[in-house]
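The hints should help you fit chains B, C and D onto chain A, whose structure is shown.
There are 4 protein chains.
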Amino acid sequence: MAFEFPIRIYWEDTDAGGIVFYANYLKFFERARTEWLRALGVGQQILREREGGMFVVSETNVKYHSPARLDDELIVTAALKEAGRVTLNIEQRATLKSTGALLCQGSIRIGWVDAQTLRPARIPAAIIDQLNSETAIDRLSSS
Amino acid sequence: MAFEFPIRIYWEDTDAGGIVFYANYLKFFERARTEWLRALGVGQQILREREGGMFVVSETNVKYHSPARLDDELIVTAALKEAGRVTLNIEQRATLKSTGALLCQGSIRIGWVDAQTLRPARIPAAIIDQLNSETAIDRLSSS
Amino acid sequence: MAFEFPIRIYWEDTDAGGIVFYANYLKFFERARTEWLRALGVGQQILREREGGMFVVSETNVKYHSPARLDDELIVTAALKEAGRVTLNIEQRATLKSTGALLCQGSIRIGWVDAQTLRPARIPAAIIDQLNSETAIDRLSSS
Amino acid sequence: MAFEFPIRIYWEDTDAGGIVFYANYLKFFERARTEWLRALGVGQQILREREGGMFVVSETNVKYHSPARLDDELIVTAALKEAGRVTLNIEQRATLKSTGALLCQGSIRIGWVDAQTLRPARIPAAIIDQLNSETAIDRLSSS
Chain A
1 MAFEFPIRIY
11 WEDTDAGGIV
21 FYANYLKFFE
31 RARTEWLRAL
41 GVGQQILRER
51 EGGMFVVSET
61 NVKYHSPARL
71 DDELIVTAAL
81 KEAGRVTLNI
91 EQRATLKSTG
101 ALLCQGSIRI
111 GWVDAQTLRP
121 ARIPAAIIDQ
131 LNSETAIDRL
141 SSS
Chain B
1 MAFEFPIRIY
11 WEDTDAGGIV
21 FYANYLKFFE
31 RARTEWLRAL
41 GVGQQILRER
51 EGGMFVVSET
61 NVKYHSPARL
71 DDELIVTAAL
81 KEAGRVTLNI
91 EQRATLKSTG
101 ALLCQGSIRI
111 GWVDAQTLRP
121 ARIPAAIIDQ
131 LNSETAIDRL
141 SSS
Chain C
1 MAFEFPIRIY
11 WEDTDAGGIV
21 FYANYLKFFE
31 RARTEWLRAL
41 GVGQQILRER
51 EGGMFVVSET
61 NVKYHSPARL
71 DDELIVTAAL
81 KEAGRVTLNI
91 EQRATLKSTG
101 ALLCQGSIRI
111 GWVDAQTLRP
121 ARIPAAIIDQ
131 LNSETAIDRL
141 SSS
Chain D
1 MAFEFPIRIY
11 WEDTDAGGIV
21 FYANYLKFFE
31 RARTEWLRAL
41 GVGQQILRER
51 EGGMFVVSET
61 NVKYHSPARL
71 DDELIVTAAL
81 KEAGRVTLNI
91 EQRATLKSTG
101 ALLCQGSIRI
111 GWVDAQTLRP
121 ARIPAAIIDQ
131 LNSETAIDRL
141 SSS
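Protein chains in written order, with our numbering: chain A, 1 to 143; chain B, 1 to 143; chain C, 1 to 143; chain D, 1 to 143.
This is chain A alone, in the form it adopts within the complex (with noise of 0.2 Å):
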């Protein structure tokens, strides 16, 4: 039921480990959310011009199971867990394409900011009833 989205490794993702560098997992993550909020009709620039506010990440768990290669095709998921008015609570995992492993997943918290301030302010309601109107009702609750 999730929102998946496909990411591809190359160079600029790897360490001399020879794996993904594991802070690019947030990278990897916020790509899906961000495509995720667009397929519900959120663009975070227009929203920016047209609310002034925007998205700021205020938590990140994040746990690393299984290393990615140069190369690897992942699917990376994005689901709605927790609705509030001022922060959602947002679930993702990265798993392998070919073999389905999971390799990276975590709880990211947004907020919502004034674009200027950078203070934390309501999620507009535009967006709250877009989330609503979604396949994600059933995962609101309130926080």
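Simulated from the structure, these hints should not be mistaken for laboratory data. Among the hints, erroneous ones may be present.
Since the list can't tell identical chains apart, any single copy or any two copies may satisfy a pair.
No more than 20 Å apart at the CA atoms, straight line, and that leaves these computed lysine to aspartate or glutamate pairs for EDC-like [claimed, not checked]:
hint : residue 1 : residue 2
1    : K97       : D72
2    : K27       : D71
3    : K27       : E73
4    : K81       : E12
5    : K27       : E4
6    : K63       : E91
7    : K27       : E49
8    : K97       : D114
9    : K63       : E49
10   : K27       : E12
11   : K27       : E59
12   : K97       : D71
Quick look at chains B, C and D alone, frame taken from chain A:
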């Protein structure tokens, strides 16, 4: 006639100037080169295991014409400009998909090295043959 | 009592929100961990050659409290929280040097693996001894 | 006579080839340029607030001579080669501290732009004066 590869701009690609951080175009160029080589049947991880060598970048000459921003879609191209025994010279461009505006263009020289010693070596004949057998043929020259 | 390492914010560290891209704190934490290990006499490149193994990150739990900006000076700390046979848990913080404000804090678990097979292995006794002989000693526990 | 800045190689800087990922030299060059400008009294964040403009990179020509590895210490230099009304051309080198071996050299052109419109503009006189009053003076020419 050049190989084309689409690239989307994410937060990770931008800097505090509000635009894509210039060094990242080298990453975009490499993604496009990698997919171009893959399309020609040249997988880098496989080559390394089979041939014991790898491509390394020996020279990059890049001009940055116009900035890209968050959420932009780019088309990045790769075309073989020159093929010698030990290096290839590849011409690359990044344009904005929506307008075709030129964002960045570069000339990237890659050489073949032994993966263990990192010493320059002749590009495997199999790769040169592959490049020759493709549309690339008329652009080959000695260097 | 924690090890302290200064880090300056450059363009490469920021994103279009005008602040440090959150994933980069994992890089800052690693620089500080690396220097902390080096200060304890544990060089990672040397270890790899001598012991045939390396540290890999297995879990990162990070909270982002306040944003840093271009040109900011940070103090990043590393302190051993827990040392087991196969993993170390390290507590890390990034603060703004000028005000002491907490920017980011994280708990990073690193494990020892064989450099060839990437399989988990016991942390070399020499490293544990080194950690024991330093101020770290009172923070060691079994896990 | 060039400004020198030390840089240590961490995991984040390397790739699966076991060496520093070439695109990262652009980051190292920028850190050195930033510290060189800072040493000349030119703080970029302050300039942006006061002058409403910022430097952007318009051209990078880089040759990669020899690879650096994890834990290596580099010396990165910056020297003004040419100063025009709208651009500066800066010569940069990265060498291995232990041997002095040349790793990478580049010529980086930076231009001044309005921070809002990103349009090219004259470099503020205060910066040019600062560059003139320093040891840089004999290397200034018109362009």
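Classify it for me, K97 with D114: is the Cα-Cα distance of at most 20 Å met within a copy, between copies, both or neither? neither (38 Å within a copy, 25 Å between copies)
One pair to classify: K27 and E12, alpha carbons no more than 20 Å apart. Within, between, both, or neither? For K27 and E12, the Cα distance is within 20 Å both inside one copy (12 Å) and across copies (7 Å).
How would you label the pair K97, D72 (within, between, both, or neither) given a Cα cut-off of 20 Å? For K97 and D72, the Cα distance is within 20 Å only inside one copy (8 Å; across copies 27 Å).
I want to check one pair: K81 and E12. Are their C-alpha atoms no more than 20 Å apart within a copy, between two copies, both, or neither? Answer is neither: 31 Å inside a copy and 24 Å across each miss the 20 Å cutoff.
At most 20 Å between CA atoms: does that hold for K27 and E59 within a copy, between copies, both, or neither? Result: close both inside a copy and across copies, 14 Å intra and 16 Å inter.
Please sort K27 with E4 into within, between, both or neither, judging by C-alpha distance up to 20 Å. within (15 Å within a copy, 23 Å between copies)
Can you give me the call for K27 and E73, within, between, both or neither, at a CA distance of at most 20 Å? So K27 and E73 pass the 20 Å test inside a copy (15 Å) and across (17 Å) alike.
How would you label the pair K27, D71 (within, between, both, or neither) given a Cα cut-off of 20 Å? both (17 Å within a copy, 14 Å between copies)
Regarding K97 and D71, is the shortest C-alpha distance of 20 Å or less found within a copy, between copies, in both, or in neither? within (11 Å within a copy, 25 Å between copies)
Using 20 Å as the alpha carbon limit, work out where K27 and E49 are close: within a copy, between copies, both or neither. neither (23 Å within a copy, 28 Å between copies)
Are the CA atoms of K63 and E49 at most 20 Å apart within a copy, between copies, both, or neither? neither (35 Å within a copy, 27 Å between copies)
Treating 20 Å as the Cα threshold, decide for K63 and E91: within, between, both or neither. Both. Shortest intra-copy (12 Å) and inter-copy (16 Å) distances satisfy the 20 Å Cα cut-off.
When held up to the earlier numbered hints, the structure conflicts with 4, 7, 8, 9 and fits the remainder.
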